[in-house]
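Participant: Residues per chain are reported as follows:
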Amino acid sequence: MKVRAIYPIPRNSLVLLLVTVLLALLPHVGRLPVWLPIVICLVVGWRVQVFRERVSFPGKVVRLVAVLISFGGVFAYYGTVLGAEAGVALLILAYSYKLLEMYKERDAFLVVILSYFVVATNYLFDTSLFSTLYTLFVVVVVTASLVGMNQSREGSSPFRALRVALVLSAQSVPLMIILFIFVPRIAPVWNLNVQGGQAQTGLSDSISPGDISSLSRSAELAFTVEFKGGKPEHKDLYWRGVTYSDFDGRTWRRGLRESFNNGVGVLSRDLVRRGEELRYRVIMEPTYRRWLFTLPFASLKLSGVKQVDSLVYVRDEAVSTLFSYDVVSHLEYSYQPGGLPERERVRLTSLPVTDPRTTDRANELWAAARGDVSVYANAILKWFNREPFVYTLNPPELRGDINDAFLFDSRQGFCAHYAGAFVFLMRSVGIPARVVGGYQGGDFHEAGYLVVRQYHAHAWAEIWIESKGWVRVDPTAAVAPERVMSGPEGATTDDSFSLNSPLSPLLFRNIPFVRDIRSKIEYVNYLWSKWVVGYSNKTQMEFLSRWIDGVTPQKMVFILLVCLGLVMLLLAIYILVERGRARVDPIDALYLSFCLKLERQGLVREGGEGVWTFCARACLAFPQLEGELKAITSLYDAIRYGDLSQENKENNRSDDATLSNLKIELRQAVKTLKFVR
Amino acid sequence: MREAIRRARNVVLRRWERWIKKRSPKAKSVELDQRRIFIFPTGYGFFYLLTAALLFVAGINYENSLILNLSFFLLSLFLVAIFRTFTNLSGLTLVAGATKEAFMGGRAWFQVSLERKSSRTFESLEVIWDDRSTGLIDVTENSKHSVEMTLEAKQRGWYEPGRLKIQSTFPLGLLRTWSWVHLDMAALVYPKPIQCEYKDIESDGDKGGSLAIVTGREEFDSLKHYQVGDSLRNVAWKKYAATQIMMTKTFYALAGDSSWLKWSQITAVDCESKLSMLCYLVVKYTEENRVFGLSLPSGDITPSAGREHELECLRKLALFCVPEAIE
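Quick mapping for you: the protein sequence lines, in order, are chains A and B. Using the numbering used here, the letters of the first sequence map in sequence onto residues 545 to 1221. Using the numbering used here, the letters of the second sequence map in sequence onto residues 5 to 331.
FYI, nobody ran anything at the bench for these hints, they're computed from the structure. Quantities reported herein were computed from a predicted structural model and do not represent experimental measurements. Each residue gets a CB set at the ideal place from its N, CA and C atoms; glycine is no exception. This list has only true hints and no planted wrong ones.
Example chain A residues on the side facing chain B (calculated, C-beta under 8 Å, incomplete):
#1 Gln695
#2 Leu712
#3 Ile730
#4 Val1076
Isolated chain A (complex conformation) (with noise of 0.2 Å):
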């Protein structure tokens, strides 16, 4: 077996190294397939073995063999290599396969590069604050390696790297501040979608009934509203998201043939807008979905972002990372009072054909109210009502005709089983109704803005009226009222609400402090994805334009220029002039003070000259002095270079106490010379 130079990495970088290695990839361990954290460690362990020497480091057909299993290993999970997740395993892969191949100062320096990307793809799944400051940390270790990495044998230590990486770090803070704030943001070169097959949240494409269920009991945010101006009640508070349009029975899903329409035709024809209107900012969180969330009627102009027909919003892209857009809301308006085109009217109420004991109590309730959508609506309602319904989040599992089996037999459900259920009431008796899936109510923060959480995510109905035109009705609020008047944690008792979440926002939600702390936080959060994970080009221009008239691109980069210019300037004179402070021994302080006193008069210690050469010297000029700058010298001697056992054993003192007072004797002694002419 050939013989590998190992290039001896330092003790102390190398443990530098581990532990970065391990630190980076601690935040991707969740993400990944149970098996690969395992292989990290025992990667990691290895190199450890082989460092102590105990093993030596793996051959050629090992690493072949590992990295190929790994590789198939990846590829089985995800089902692809391509994409973030596949993507980023393959690099933790690649990275912790590294250190088995650490042999030199440069392979050690490409994990230190590696770690880097690790950590920037931690990014890509997490933008939390609390995520954010783990990974500054992070990367301050990873500095800290490089640190070791260039630390003499002797001086290596890995808390001496890590402090002089901390304060590097903190020296190169402010400069990554005036980066970060005045680098012009580019638009994208070139589009990627960052589509991670399981990190989906929040409304599906489907809806039957327990796909809700899950997320109402989930505290996770789903987006934050400012409001500019006045804010609506928070009865009003219908964040419409999807509209669910096909019904096969047990599902209702999201129309496939929707057509989307520019915006503008539509609503001249069609809309009639009242009352004043509302305007706010969502700061959406990823979804890697691609509808938006707004209240009706908005209007909502952004490149890539069109209506449809049903007045929702769809991106073109899916929202992968956090995404803010501005909307303007009408809250009282109707929409296609005037008729449906045939084709809508047709897919908005064809039913497939089931249930039959609700289609007989459709036709019942249509008969009796003869003809009137509204007293038809508002007599289903009020059997929801009247009837014992329960609003619960753990309806039983239904069986066969879903709306048969809710409504006459379990009567318990959530806002999809209202919801589907009053909609196909409705369209049984040919009446044009649609579920809609999205969000309702919010939590008003102290601040002022609102926070949507999952919890929040809700469906109701829509059904249009001759002469109306769309109408929102709200089954679930027949049931439990106080679901839309205060939201979820008061339509039900149930437990299990607040509890699957430890940090769930429900839990001590009675106590004062706990709610304070808890709304503190929530705050430096919002801050935190209003200013820093959604600084784009908009909020920088919004951010820069508060000071700077007419912010252009030309101007920014004159200011960055300017702003780091000024930060390297100060850096530089602390770190040249700062650290260099020169530092004189007191003892030579008191010597060259002596020094001084002879120069004034005329007797100038040249460079390198020997105090007692010096001392000769000056006995020359200074003859009547001779005594005391005999004294002063040999004191001086002594201190610096003397042996002070002698000295000690006459005084029966301890070194210190002898140079103390041999101190204090010279400090008299220069004091007290005088020249006398």
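Given chain A, put chain B in place with the hints provided.
Facilitator: Just chain B now, kept in the frame of chain A:
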């Protein structure tokens, strides 16, 4: 063509030599400052910048502020590292220290002291002199750090090893800072001893007459510090009684009448060979404790013996026909 390249190279080298001489003249002690210090990214440094650039492009394309921020951090760290790397040399003082002479072709010993005059510390410095490196040195705890190097003695006379290079990549290894320092120091290089036969010339009356020493008598030479193993018989006890310091008396034995090593008696093709042979003889005669004198065209050294005498002779040989300007 090749000739032209060589000539152009020489011109450039000479220009550079002149420029660096002006910028960093020869001195006993040199404090490194911005005039003398150079700084440039290493290969790693360029790779690191490429990483920052890649992250920037990724941040733009994924529209991810935090990835962008990481690339800004890397860039900022690089900028700070420029200062920090620079200060790892700036303010350091190099002082010419002791030297030890050598025979030509052997290794002359040089000592350079790295000193700091302020609280600023210097880490992981590397001194490169004549393609020999010291490894990484710290000047942190003490205010001085001596660097010792043995360099090949290439020419007879005063040997100046030329510019030394001091460099460092601390703290991040992304940038290298270096300086060329020309310290005013030289070591004496004796001729290379070449074995030869020499027919002794007994001292004639007018030159060595004063030195009539009986064979076998030991003559007192000098005092040196006592070392374990020295004979107690030779300790200067009187001196010890007075000063409490143990000294050993050294003697030289005079093997016979003094001889003369004469330039004119050596037969060799050139001057250097003659010097080499004389050098060999001086060393040999001293080893044999003989009394001898040295006669060169540049002057004579009267016959004597012992270490001091040997050094005097060797020095004379080393500096034969060498301009003494440096001394």
